[in-house]
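**Student:** So the sequence lines, in the order shown, correspond to chains A and B. First residue of the first sequence: 1, per UniProt numbering; consecutive thereafter. First residue of the second sequence: 1, per UniProt numbering; consecutive thereafter.
Hints listed in this document are in silico derivations from the structure and should not be mistaken for laboratory results. Computed from a predicted model, the values in this text were never measured in an experiment. Certain hints may be false.
As the list claims (entries may be wrong) - Partial list, computed: chain B residues near chain A (C-beta under 10 angstroms):
(1) 33
(2) 47
(3) 53
(4) 54
(5) 72
(6) 81
Every residue gets a Cβ at the ideal spot worked out from N, C-alpha and C, and that includes glycine.
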Amino acid sequence: MNFSKPKFKEKYFNFINGKFVPPIGGEYFENTSPIDNSLIAKYPRSQKEDVELALDAANDAKEAWGNTSATERATLLNKVADIIEANLEEFALVETCDNGKPIRETLNADIPLAIDHWRYFAACIRSEEGSATELDQHTLSMNIKEPLGVIGQIIPWNFPLLMLSWKLPPALVTGNCVVLKPAEQTPSTATLLMEKIADVFPPGVINIIHGFGTEAGKPLASSSRVDKVAFTGETTTGQLIMQYASKNLNPVTMELGGKSPNIFFNSVMDQDDAYLDKAIEGAVLFAFNQGEVCTCPSRLLIQEDIYDAFIERVITRTKAIIQDSPYDPNTMVGAQASNDQYEKIKSYFKIGIDEGAKVLTGGEANKLKGDLANGFYIKPTILEGHNKMRVFQEEIFGPVVCVTKFKDEAEAIEIANDTLYGLGAGVWTRDAHQLYQIPRAIKAGRVWVNCYHAYPAHAPFGGYKKSGFGRENHVMMLNYYRQTKNMLISYDKNKLGFF
Amino acid sequence: MEKIDITEAAAKIVNQLKTQHGDLIFHQSGGCCDGSSPMLFPKGELYLDESDILLGTIEGVNFYMNKDQFEYWKHTHLTVDITEGRGSSFSLEIPLGLRFIIHSRLLTQ
């Protein structure tokens with residue numbers, strides 16, 4: 001079945017204090033679909049005063065929400081999951097239209113995973129217990145977890161509903177109220193979600209503000225009325241947000257960029273079997289989501305004695321990728337999210353070739369027919385070169401992989417770690433020793449071993465080095481949104497004897 | 001040797017934003033969604049120190065890059081250009097529906 005562009009209203013509003021409200025200044029921006037550069041709808045171009053309204057609502061709601069029971073909060077999270085699930089196809093279609101990713105991915109990955117994150121955090125809070133320790137015969141130390149209060153969240157455009165579902169559920173389930181700003185390229189599924197769940201939470205618990213970083217993001221990130229800021233994005237904005245947070249002595253979590261190595265040792269080619277087939281797919285996963293993933297396996301490292309044979313099969317598999325209308329369920333790679341991304345990727349082709357990289361396949365835009373000719377399509381590309389080239393060091397955020405060879409384990413580790421970033425990495429081998437030792441030697445927060453691009457809610461995710469700090473997903477996430485209240489209780493009737 | 005240049009179209013936008021926001025600086029961002037792009041901020045907005053390299057001045061605006069990143073970029077000449085698009089970050093041109101981008105070429109010395 002083929003899908004087509006969904007219907008939208010002419011314009012949408014912010015969601016503040018349980019209601020959809022127009023921006024105070026009355027200004028809107030036009031949101032377009034990267035599939036064909038057509039208009040989707042107008043969204044609020046919010047300013048500081050809109051953010052202040054949302055912060056009023058969140059601050060007014062935080063005490064009551066913070067005092068609700070874990071049972072009650074978990075029930076509401078489960079309700080959200082059920083609502084998204086009941087409307088899965090609608091969410092998938094809107095996401096595809098707004099972001100340009102294939103419907104195959106939104107139906108089978110983005111939206112189902114988003115649903116699971118709401119359920120996972122609902123389960124976490126129900127099964128968790130605090131701690132109490134009898135320090136001595138008369139003294140009990142009790143640790144009680146308390147919400148931080150109001151959280152500001154700024155999310156990216158590459159997995160709009162999924163990134164929202166990484167950030168909102170753990171903040172809400174721990175008793176916080178949230179003001180969230182979706183990326184201005186992809187405001188649609190956040191708005192659709194609020195339409196569907198408008199009455200689920202008490203007013204003020206979730207507030208969604210649309211607009212630009214400098215006009216709406218900054219007043220949110222720098223406000224003294226938020227207790228924490230969680231950000232996913234790039235390094236300079238990350239640094240700015242930390243600066244703002246330092247003025248308020250607020251905690252932050254940062255999920256920033258990456259340039260992840262995907263390493264293939266010679267044993268992968270010991271046999272021509274299902275595992276080798278899986279490994280080749282693992283190398284081609286650089287094209288997943290148009291390469292618009294912070295953990296895109298964008299540096300392909302292949303052991304030299306299998307290099308020719310292995311890369312040949314990777315090239316063949318890459319050439320077999322179907323790039324067409326994202327509404328077509330057979331399409332594997334869709335459109336880049338915006339024109340500036342599209343232009344940036346093309347400028348990287350130029351500098352890569354200038355520096356001596358060889359184009360093994362792709363290396364140019366893909367001009368599709370009809371309305372799609374106005375969209376932003378880049379052919380899945382393999383560039384061969386060495387790790388000091390800029391294309392090996394900078395995040396291109398497109399369906400582009402840079403391939404090089406290595407001699408032995410030591411050189412593989414050296415190349416893998418020769419990067420400013422440390423978000424993801426992949427290790428592929430049939431050797432039982434390498435399976436453990438190589439991942440341990442790589443300085444990255446997530447190392448996939450004989451797999452790649454899996455993001456289960458139950459596994460912590462985050463960066464080393466300039467890829468940020470703090471973790472997302474996993475039960476440990478709860479404590480990123482809480483304070484620890486320690487109650488130190490004396491059961492001793494006798495005085496200290498000091499005074 | 002000059003390491004940084006700017007196109008006429010980009011210069012026009014820089015000057016327009018200067019009138020609106022006063023003195024400005026460029027900072028080249030690292031990776032992720034909207035990274036690997038130059039960010040234009042009001043002067044004083046971003047804390048700069050010796051870990052930021054000054055590459056040059058374009059239209060009276062200093063262009064900085066983090067020292068670690070500069071190590072990989074130092075053999076290339078950069079031209080700041082502008083394109084239509086909807087980048088998301090705190091860069092000042094974004095509300096105009098425009099985004100600064102970098103064109104690079106090898107420095108020939």
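**Student:** Hints first: check each against the structure and report whether it holds.
**Tutor:** Do the hints match the structure? See the list:
With a least beta-carbon distance of about 4 angstroms to chain A, the hint placing residue 33 (chain B) at the interface is held under the 10 angstroms criterion. Of the supplied interface hints, the one on residue 47 (chain B) holds, with its beta-carbon coming within about 6 angstroms of a beta-carbon of chain A, less than 10 angstroms. Among the interface hints, the one on residue 53 (chain B) is violated; its C-beta lies about 14 angstroms from the nearest C-beta in chain A, farther than the 10 angstroms criterion. For residue 54 (chain B), the suggested interface contact is broken, since its CB lies about 15 angstroms from the closest CB of chain A, more than 10 angstroms.
With 10 angstroms as the threshold, the beta carbon of residue 72 (chain B) comes within range of chain A, its nearest partner Cβ sitting at about 4 angstroms, so the hint holds. A distance limit of 10 angstroms between C-beta atoms decides the matter here; for residue 81 (chain B) the minimum to chain A is near 8 angstroms, and the interface restraint holds.
The structure fails hints 3 and 4 (numbered hints given earlier, in ascending order).
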